[in-house]
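S.K.: Sequence:
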Amino acid sequence: MSWVGYPLERCISTTALEVEGLRNRYHNSGIGVPLAASIATTPASGKKVAGSDRVPAKIKVPVTALLRFENALASLSKGKIKGRIEVYAADKTATVTIDGQQQPIESDPTGALAYQLNGSAIYAREIAVFLNGSVFTSGLIPNDRAQDGIFTVQPYQAGKIPLVLVHGTASSPARWAALINELNGDSKIRERYQIWLFIYDSGRGIGYSAGRLRKALTNTVHELDPDGKDPALQEMVVVGHSQGGLLTKLTAIDSGTKFWNIISDKPFDPVKRSPETREFIQQSVFYKPLPFVKRVRFIATPQHGAMLAASQFVTGLVSQLVTLPLTVVNNTALLAQIATTSGDEKIAVMLSRPQTSIDSINENNPILQTLASIPVTPNVPAHSIIAVEGNVPTEEGDDGVVAYKSAHINEAISEKVVNWSHSSQGTPEVIEEVKRILFEHLAVSKTKKP
1 MSWVGYPLER
11 CISTTALEVE
21 GLRNRYHNSG
31 IGVPLAASIA
41 TTPASGKKVA
51 GSDRVPAKIK
61 VPVTALLRFE
71 NALASLSKGK
81 IKGRIEVYAA
91 DKTATVTIDG
101 QQQPIESDPT
111 GALAYQLNGS
121 AIYAREIAVF
131 LNGSVFTSGL
141 IPNDRAQDGI
151 FTVQPYQAGK
161 IPLVLVHGTA
171 SSPARWAALI
181 NELNGDSKIR
191 ERYQIWLFIY
201 DSGRGIGYSA
211 GRLRKALTNT
221 VHELDPDGKD
231 PALQEMVVVG
241 HSQGGLLTKL
251 TAIDSGTKFW
261 NIISDKPFDP
271 VKRSPETREF
281 IQQSVFYKPL
291 PFVKRVRFIA
301 TPQHGAMLAA
311 SQFVTGLVSQ
321 LVTLPLTVVN
331 NTALLAQIAT
341 TSGDEKIAVM
351 LSRPQTSIDS
361 INENNPILQT
371 LASIPVTPNV
381 PAHSIIAVEG
391 NVPTEEGDDG
401 VVAYKSAHIN
411 EAISEKVVNW
421 SHSSQGTPEV
431 IEEVKRILFE
441 HLAVSKTKKP
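For what it's worth, my numbering labels the leading residue of the sequence shown as 1, then goes sequentially.
Hints in this document: simulated from the structure, not taken from any laboratory.
Some hints here could point you the wrong way.
Claimed, not checked - With a Cα cut of at most 25 Å, we get these calculated SDA-like pairs of lysine to any residue:
hint, residue 1, residue 2
1, K449, D186
2, K288, M307
3, K405, G390
4, K449, G79
5, K449, K82
As the list claims (entries may be wrong) - So the derived label-pair ranges between C-beta atoms look like this:
hint, residue 1, residue 2, range
6, P366, N24, 43 to 51 Å
7, T97, T447, 24 to 32 Å
8, K405, T41, 45 to 53 Å
9, R10, G228, 33 to 41 Å
10, E440, S29, 28 to 36 Å
Keep in mind that this is a model prediction, so the values were computed, not measured.
Using N, Cα and C, we set each Cβ at its ideal position, and we do this for glycine too.
Please model the complete structure; the sequences and the hints are all you need to start from.
M.R.: Given below as structure tokens:
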């Protein structure tokens, strides 16, 4: 059997698996045996289908094996029964025909998800990726998979609205597992949304990472729908946790030249820049609302700075430990050359120590202060989920990393305060609020059920 163009292999039964760490186990009753299947390393026919590169190489696919007998009663009298094993992917088939009747098939999507996460190297490498910027060179992402950072939980299906999840600092997409399990466990959400994940080097400055996110989303939409025939892709919802919330905001603002004016005293003249440098600057400094992003949601986001980032000792230490990826180093060298030849002292000073993500979320950072002063564009509804620990007045509280006053923004059309610590994205209250907003989005969606 082929799934998103790749043969399925190495199936294991999930029936005997004990699942821990996920609040609910979604197990659909029916006929057949629920399995978790791996995908082959090469496509079935040598040709990849749209979006196949964006499915994680180590994903485990929930499938069902069904043994179908041929003329069982007649064959039994002869002492020899013939049959065939049929395998169905849970995301493609929910029922099969038996003796002219539709019968539900058994599937265990939670078991497959838990099996995929069990022993995953991504947890152990989160800090290493933060410090070394090695997410695309650490072996976590094979070279034949998307190198821009956008991955899909399931194959692309026209008519489903993208829900993009952006993780925070020293984190990874694996931290969304509890939310993904609950969203896929809700049939109405599962039928209307497709989940995308963005992975990035979270030690980089937010301008660089946001530029990568914006470009990756644009590339993915065009790759999946080059002719613009799928209106669902134009109703995207982006959700960011912690630093990921700042990247999310940068998909839905109009910055004009405000960020450029912070780093340079001279007008930006694209004609005088090399193509590589021009693209790098425009991607990382100038922002316009992405036309397909129609709603944003912030979870425990340091809109006005994080508490720990205010420490000069911490920011200085991180700047010494964090290693810039080669792409940033190369562009930084180009910018340094421009700064020298043009006499632009501001850029020269900035490049003496490129910003890390910890610099970016320092409340005294002029770039963060400028970002905080720019509201989300009015036609994109923004929602905030803010965590506050302990029994304290909300306005005076914090989650151990971000204070309520920092996470609060005036333009949010809804704000939910939960009594949790900073890593709250998988908690029941946050999940239910996310689901509520997704249903609110569906209520105004122009996209019909696929």
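S.K.: Now tell me if each hint is right for this structure.
M.R.: Hint by hint, here is what the structure shows:
no.: 1; hint: K449 to D186; result: 15 Å, holds
no.: 2; hint: K288 to M307; result: 29 Å, violated
no.: 3; hint: K405 to G390; result: 16 Å, holds
no.: 4; hint: K449 to G79; result: 49 Å, violated
no.: 5; hint: K449 to K82; result: 40 Å, violated
no.: 6; hint: P366 to N24: 43 to 51 Å; result: 45 Å, holds
no.: 7; hint: T97 to T447: 24 to 32 Å; result: 30 Å, holds
no.: 8; hint: K405 to T41: 45 to 53 Å; result: 50 Å, holds
no.: 9; hint: R10 to G228: 33 to 41 Å; result: 38 Å, holds
no.: 10; hint: E440 to S29: 28 to 36 Å; result: 31 Å, holds
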